[in-house]
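Student: Listed below, chain by chain, are the residues.
Number of protein chains: 2
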Amino acid sequence: MTESQQRLPVFSDVRSAAERITPYVHRTPVLTSASMNQLTGAKLFFKCENFQKVGAFKFRGACNALFSYSSEELRNGVATHSSGNHAQAVALAARIREMPAHIVMPENAPSVKIQAVRSYGADITFCEPTLKAREATLDKILTQNSAVFIHPSNDVRVIAGQGTAALEMLEDYPDVDCVIAPVGGGGLLSGTALAVHGINSEMSVFGAEPEGADDAFRSLEAGRLIRPENPQSVADGLLTSLGDLTFPIIRNHVEQIFTVCDHKIIEAMRLIWERMKIVIEPSAAVPVAVLKQHPEIFSGKRVGVILSGGNADLDSLPWNNT
Amino acid sequence: MTESQQRLPVFSDVRSAAERITPYVHRTPVLTSASMNQLTGAKLFFKCENFQKVGAFKFRGACNALFSYSSEELRNGVATHSSGNHAQAVALAARIREMPAHIVMPENAPSVKIQAVRSYGADITFCEPTLKAREATLDKILTQNSAVFIHPSNDVRVIAGQGTAALEMLEDYPDVDCVIAPVGGGGLLSGTALAVHGINSEMSVFGAEPEGADDAFRSLEAGRLIRPENPQSVADGLLTSLGDLTFPIIRNHVEQIFTVCDHKIIEAMRLIWERMKIVIEPSAAVPVAVLKQHPEIFSGKRVGVILSGGNADLDSLPWNNT
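In order, the protein sequences belong to chains A and B.
My numbering applies: residue 1 is where the first sequence begins, and numbers increase by one.
My numbering applies: residue 1 is where the second sequence begins, and numbers increase by one.
Errors might be hidden in some of the hints.
You can't tell identical chains apart in this list, so a pair holds if it fits in one copy or across any two.
For lysine-lysine, the following DSS-like pairs were computed, each having C-alpha atoms within a straight-line distance of at most 30 Å [what the hints assert, rightly or not]: (1) K43 x K264; (2) K43 x K113; (3) K43 x K301; (4) K132 x K113; (5) K301 x K140; (6) K43 x K140; (7) K264 x K140; (8) K292 x K132; (9) K43 x K132; (10) K301 x K264; (11) K264 x K292; (12) K301 x K132; (13) K140 x K292; (14) K113 x K264; (15) K292 x K43.
Keep in mind that the hints were calculated from the coordinates and are not lab data.
Turn these sequences into a full structure, and let the hints guide you.
Tutor: What follows is the structure in structure tokens.
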């Protein structure tokens with residue numbers, strides 16, 4: 001379990017985050033699709049965070065975190081470990097805030113992601129591709145540099161930042177019946193839940209999780225945090241686990257978490273590319289797969305869907321690998 | 001040369017087309033991209049016809065054609081031959097107009113396109129995959145059914161319909177310096193040119209064409225229509241040739257046609273997917289390749305770019321085939 005030693009975020013943190021990051025983030029569009037409505041029987045409103053800077057919602061949380069600290073607190077820069085979107089998000093936010101960013105990346109990270117992080121001017125330290133090596137390397141970096149650690153999900157500032165996507169969506173479409181978001185570390189889902197219930201406590205919030213990385217589903221069932229064992233999924237952004245901040249928010253605010261298999265995730269991803277002509281990554285397709293699989297829940301409803309990101313590997317599309 | 005026996009379209013035809021088709025077409029968004037601006041040195045405004053119904057601008061022309069004829073004229077329905085976007089466009093427009101559509105398709109057309117045309121309720125006749133067989137089969141269908149032929153490009157109603165994309169773009173961004181569109185049969189480029197010069201006769205209009213199918217470039221150079229010989233390009237929507245309506249409009253209104261090789265087209269297509277997270281087909285990438293290749297023309301300019309369509313084959317991406 002990730003221990004944060006922070007207080008739980010509340011709705012006003014999301015509101016403050018929105019004010020703080022508005023100058024730096026894209027206000028992403030909400031798209032609709034007659035074809036997707038027909039296929040699901042629901043009326044869908046897609047909040048397109050694939051169009052966000054760095055190609056994912058992660059920039060919101062990283063940006064809010066970096067602009068929440070004082071210059072004094074950040075005098076030695078920031079650090080994190082990530083092979084994915086959070087690395088780019090922290091690197092870009094640090095460049096905008098004009099401070100050093102130290103990013104620990106596994107040595108087998110895709111070269112396109114390494115290049116992206118480097119292009120934002122971040123300092124990269126490579127390590128073996130295990131969680132243990134990543135954490136040990138990060139500890140060393142944090143000690144050496146006295147940098148501030150920006151956790152990818154279990155952080156009050158990060159959660160509040162991620163919630164701003166749902167906040168914007170509800171400003172554009174206040175009359176949706178429910179909202180669904182993917183869940184990995186839970187930063188996006190808990191932020192979304194805070195935003196939604198801050199606006200309207202009657203609105204349902206749902207989570208969508210890969211079957212092969214279903215720790216949030218099982219934690220919610222058990223009523224206590226369950227650490228995943230060897231999670232595996234094509235939705236590589238959702239392999240991380242809940243923490244001591246994200247879990248209680250999700251337990252209090254999320255009505256249900258649905259799990260779907262990788263086959264359905266890949267099918268849903270392709271469907272969005274074909275019908276909506278937009279690029280989403282596998283993790284972003286998980287809620288879409290859930291919507292297709294559970295008409296008994298969503299049919300006839302107006303559903304806000306957070307499309308979390310668009311950083312798909314164009315050299316290796318999952319439907320060509322199966 | 002395609003003989004139309006029609007008058008040349010003028011700007012008021014584009015205006016009328018816009019009024020006629022507005023209830024049926026999507027008003028597609030105009031997207032911008034800081035990253036694409038940086039890469040080209042220009043300020044780009046992308047008119048996203050990949051988000052149009054049937055996934056391409058072709059629906060505008062087909063829709064205008066079908067709604068221009070009287071019910072009496074169309075009592076026996078419409079017909080065309082196409083393996084691509086025009087087939088779907090005519091099929092959908094005919095379904096909306098509630099009349100039969102007879103589509104001649106080559107027997108090797110991709111099954112996904114055949115299914116799309118069939119899903120709109122059109123009647124499909126298959127033929128050998130040669131232009132001669134397509135024309136002969138269409139002639140037979142036209143005679144048998146007394147249907148009205150909807151040419152994919154060399155038709156006054158179709159040209160006027162295609163021009164509505166540029167019209168909308170200039171309503172949103174009247175202060176662009178120039179507009180660029182791809183050219184195959186020339187329906188889109190001639191309609192675009194009419195729309196642009198109807199609004200502002202000082203604005204430059206450019207065409208973008210694959211090197212392997214450069215009949216428009218060569219026709220403009222020669223001052224007369226040159227029929228292409230065995231055109232080949234990854235931009236499979238641009239293999240057709242100009243006709244007796246599209247050529248004179250392009251000659252009078254288009255400042256220059258630039259050609260680019262397939263390698264650059266594929267590179268530009270991938271760039272748009274990666275940086276803008278939208279799906280475009282190879283033909284739509286041709287103007288983007290031109291923008292990258294000619295900074296001496298476009299750098300520092302505000303450029304309207306017609307992204308013509310998004311019907312890419314997701315099973316076979318061109319960068320994985322080279």
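Student: All the hints need checking, so say for each whether the structure fits it.
Tutor: Do the hints match the structure? See the list:
1. Within a single copy, K43 and K264 get their C-alpha atoms as close as 20 Å, which meets the 30 Å cut-off; across copies the closest is 40 Å, which misses it.
2. Only between protomers do K43 and K113 lie at most 30 Å apart by alpha-carbon distance; the minimum there is 26 Å, versus 35 Å within a single protomer.
3. In the homo-oligomer, the alpha carbons of K43 and K301 lie at most 30 Å apart inside one protomer (6 Å), although the nearest pairing across protomers, at 40 Å, exceeds that limit.
4. Taking identical chains as interchangeable, the C-alpha atoms of K132 and K113 lie at most 30 Å apart only when both belong to the same chain, with a minimum of 21 Å there against 49 Å between chains.
5. For the homomeric pair K301 and K140, neither the shortest alpha-carbon distance inside one copy (50 Å) nor that between copies (49 Å) is at most 30 Å.
6. For the identical chains of this complex, K43 and K140 are neighbours neither inside a copy (49 Å) nor across copies (44 Å), given an alpha-carbon limit of 30 Å.
7. Neither within a single protomer nor between protomers do K264 and K140 lie at most 30 Å apart by alpha-carbon distance, with minima of 41 Å and 45 Å respectively.
8. In this homomeric assembly, K292 and K132 never come within 30 Å of each other (Cα to Cα): the closest approach is 37 Å inside a single copy and 44 Å across copies.
9. Proximity of K43 to K132 under the C-alpha cut-off of 30 Å is found in neither arrangement, the shortest distances being 44 Å within a copy and 46 Å between copies.
10. Taking the shortest Cα distances, K301 and K264 sit within 30 Å of each other inside one copy (21 Å), while across copies they are farther apart (45 Å).
11. Taking the closest pair of Cα atoms, K264 and K292 come within 30 Å of each other only inside a single copy of the chain (9 Å); across copies the shortest separation is 38 Å, beyond that limit.
12. Taking the closest pair of Cα atoms, K301 and K132 never come within 30 Å of each other, the shortest separation being 44 Å inside a single copy and 51 Å across copies.
13. When the C-alpha separation of K140 and K292 is checked against a cutoff of 30 Å, the pair qualifies neither within a copy, at 45 Å, nor between copies, at 44 Å.
14. Taking the closest pair of Cα atoms, K113 and K264 come within 30 Å of each other both inside a single copy (26 Å) and across two copies (23 Å).
15. When the C-alpha separation of K292 and K43 is checked against a cutoff of 30 Å, the pair qualifies only within one copy, where the shortest distance is 12 Å, while the shortest distance between copies is 40 Å.
Of the numbered hints stated above, those contradicted by the structure are hints 5, 6, 7, 8, 9, 12 and 13, listed in ascending order.
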